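There are 2 protein chains.
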Amino acid sequence: MAQISFERLKRRLRELARFGALGGGGVTRPAWSPQYEEARAWLVGEIKAAGLDAWVDPAGNVFGATDISAFADDRPAVLTGSHIDTVPEGGTLDGALGVIAGLECLHAIVEQRLPHARPLAVAAWIDEEGRYGSLFGSRAFCGLLDTAKVPELAAVDGERLVDVMTRAGFDPARVGEARVNRAAVSSYVELHIEQGPRLEEAGVPIGVVEAIVGIRRTRLTFVGQADHAGTTPMERRRDGFLAAAEYSIKARDLVVKKSGGRAVTNVGVVRVHPGVSNIVPARGEIIHEMRAPDPGMLERLWKDCRALARRVARRRGVTVDVVPQSATSPAACAPRVQAAVADAARDAGLATTTLYSAAGHDAQNLATMTEAGMLFIPSSGGRSHRIDEWSAPEAIERGANVLLGTLLRLSA
Amino acid sequence: MAQISFERLKRRLRELARFGALGGGGVTRPAWSPQYEEARAWLVGEIKAAGLDAWVDPAGNVFGATDISAFADDRPAVLTGSHIDTVPEGGTLDGALGVIAGLECLHAIVEQRLPHARPLAVAAWIDEEGRYGSLFGSRAFCGLLDTAKVPELAAVDGERLVDVMTRAGFDPARVGEARVNRAAVSSYVELHIEQGPRLEEAGVPIGVVEAIVGIRRTRLTFVGQADHAGTTPMERRRDGFLAAAEYSIKARDLVVKKSGGRAVTNVGVVRVHPGVSNIVPARGEIIHEMRAPDPGMLERLWKDCRALARRVARRRGVTVDVVPQSATSPAACAPRVQAAVADAARDAGLATTTLYSAAGHDAQNLATMTEAGMLFIPSSGGRSHRIDEWSAPEAIERGANVLLGTLLRLSA
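Each protein sequence line maps, in turn, to chains A and B. Start counting the first sequence at 8; every next residue gets the next number (my numbering). Start counting the second sequence at 8; every next residue gets the next number (my numbering).
If you're looking for bench data, these hints aren't it; they were derived computationally from the structure. Fair warning: this is a prediction, and the values are worked out from it, not measured in the lab. Worth double-checking, as some hints may not be accurate.
The list makes no distinction among identical chains, and a pair is therefore deemed to hold if it is satisfied within one copy or across any two copies.
[Claimed, not checked] Capping the alpha-carbon separation at 20 angstroms, the derived lysine to any residue pairs in SDA-like fashion look like this:
hint, residue 1, residue 2
1, K310, L20
2, K264, R323
3, K310, E208
4, K17, A48
Produce the entire structure from the sequences given, and follow the hints as far as they go.
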């Protein structure tokens with residue numbers, strides 16, 4: 008049975024981890040940062056050195072392919088990939104594994120002249136983690152991006168996407184050209200670490216993903232009144248922060264209870280204005296995120312949370328402004344891709360289980376235009392989006408070999 | 008009966024309000040900012056134009072005096088004053104009124120040659136609002152400043168006091184020289200807006216302050232674990248922000264209940280780390296402020312809050328780091344100064360009531376070295392530390408005339 012070169016895969020993971028490396032381990036490599044730009048240049052060099060064709064599209068996605076005519080409508084490609092951007096203080100495998108393993112599979116295929124009827128390509132989608140816009144690169148590729156809104160996209164700190172793209176030598180007005188036709192892609196499969204504890208706890212090496220959660224992000228701004236923090240009687244204060252704090256605690260409990268543990272929620276961004284110790288906060292602003300594998304559940308939970316926000320605001324004498332930030336629908340994975348992963352694992356003598364992805368992935372965008380799926384390997388302790396994110400070397404090797412088997416099946 | 012010139016007082020208030028003026032009203036004029044430096048230069052000019060001696064001490068305090076030898080041990084001065092720095096988006100009277108009314112009283116005294124046995128002086132204490140350190144200027148003057156710690160003082164945004172002092176042409180190493188001997192000051196009285204609703208609601212024009220609250224500021228950092236906000240099971244998350252949110256709500260309720268409404272509390276500074284929507288917050292950091300007019304009450308409340316912080320942290324699986332930021336003791340006002348204010352009001356045909364100050368003031372530092380007191384005028388709607396802070400013109404005129412009567416009594 009064909010095998011990838013694990014030594015080469017490890018070397019590339021190690022080299023990629025240098026870009027944005029932190030002193031204590033882990034990486035900070037947000038899309039379009041100088042560290043990211045260096046990593047992209049390195050990746051293009053590795054793709055070429057592997058004997059593959061390499062190119063970067065107008066959205067900033069990097070591709071490597073067995074055939075320069077990949078994505079031509081008359082010869083649809085089997086596509087794999089993931090992303091090389093990270094969250095701040097993230098790990099070295101989230102995204103990186105899928106790109107480097109995909110590259111290694113294609114490298115092994117051309118090197119060993121493994122038979123394939125369709126062209127194969129690997130993608131490094133830009134800004135999966137959403138510094139400027141979640142899953143940006145795959146949205147552009149799949150035609151899901153509202154290009155008219157590109158000028159409005161900005162990071163939490165206010166930095167605008169158009170400025171960083173221009174700085175990197177890209178023309179933001181040409182992002183729409185990254186879109187390809189449906190006929191150009193035959194199927195998509197993405198290898199990723201699970202980022203949760205289920206595979207490790209079940210002792211199963213390969214997870215076949217059935218569905219990817221939908222994610223809804225909403226900005227809630229509770230607006231009260233700035234007042235002197237000494238002289239204003241307590242009962243007259245209209246504190247925007249305390250309202251945001253109460254909502255955050257109760258929304259968490261509501262989502263856990265009403266979803267029966269199937270949905271998750273987080274408040275990761277909090278800002279208080281004016282932000283000085285001797286002024287009652289006029290404004291408490293949060294970004295509330297919810298994830299569920301089922302569209303109806305996600306909608307019901309969000310309606311309940313919105314009603315909760317209004318109740319909390321009313322009782323605390325403040326107003327609340329609710330602005331949707333982003334919303335993705337839960338995506339089902341294609342049965343043909345699930346079967347290819349399961350068959351490849353079986354041939355390698357590896358057990359599988361089905362699960363859903365609690366994280367968003369570029370695969371959910373690809374699922375709107377082609378038959379798409381994912382496979383997971385165990386994450387140590389379920390840790391991810393952390394500097395101590397880790398998967399065992401043998402888990403990585405197994406995952407890469409199952410990806411190779413899957414790609415050979417899909418391109419046969 | 009001697010009177011101040013209200014036209015002159017109004018002109019000076021108007022002119023001072025230009026420095027750091029905001030488009031929609033109000034002022035942002037933190038200590039050592041360029042706006043503050045311009046306001047100080049303007050004030051020195053006004054003092055000189057009023058026929059008074061003017062100087063700036065090594066801490067940055069501005070003085071005007073009827074006599075260049077004020078603060079000499081053998082001829083103790085009667086001192087008045089307040090501050091010309093503001094909170095961000097503050098009003099035009101908090102601090103400014105006491106400085107400009109004090110200047111006007113001295114101007115009237117020298118212009119009208121009103122009899123006084125002791126020299127009189129007016130001070131504009133620097134950084135009352137505590138961008139770098141609360142009540143900084145009056146602490147330096149009264150010898151309450153730990154000068155060894157000056158190099159550590161910094162604003163919330165990290166800007167260091169030594170850097171801004173140097174930029175303004177001051178030598179931070181000489182701050183200790185701002186201290187004067189106890190024998191140099193005979194008494195201190197400060198006019199201020201109430202910043203609360205009690206005088207307005209009681210329909211009383213002059214408040215005689217009996218005591219000034221003590222203020223305790225503490226930084227609490229709840230430290231959990233950064234985790235992926237999708238894939239980490241809800242029950243395993245250790246969310247630093249939710250712990251900080253729960254503490255903030257419960258500490259507020261605890262202080263209100265256990266103080267019988269006499270103490271107040273605020274959480275005005277909140278920071279969440281790493282601060283992105285798809286990562287469970289590893290850290291929630293707040294600055295918790297408490298104020299009480301009684302030292303025993305302040306101490307008991309703080310002990311209860313500290314125990315609360317530990318309970319919340321334990322139950323949520325996080326740790327809490329508690330670092331005192333600053334603490335002032337409640338200060339009683341001198342009976343002789345209270346009597347002088349009450350007598351001056353009575354002579355002007357104005358009713359008085361006694362109250363305590365729920366805000367900290369430079370007078371509390373002066374109270375450690377001389378007989379000190381304060382008088383308040385009504386604040387419209389009790390508003391303060393807001394751009395719509397306001398007191399009626401007649402309230403201001405009455406307050407300034409009662410200040411004049413008080414100063415003439417104290418300097419007789």
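How the hints compare with the structure:
1. K310 - L20: Cα proximity of K310 and L20: none, with 43 angstroms in one copy and 51 angstroms across.
2. K264 - R323: For K264 and R323, only the inter-copy Cα distance (17 angstroms) is at most 20 angstroms; the intra-copy one is 24 angstroms.
3. K310 - E208: neither (34 angstroms within a copy, 43 angstroms between copies)
4. K17 - A48: within (19 angstroms within a copy, 66 angstroms between copies)
Of the numbered hints listed earlier, those contradicted by the structure are 1 and 3.
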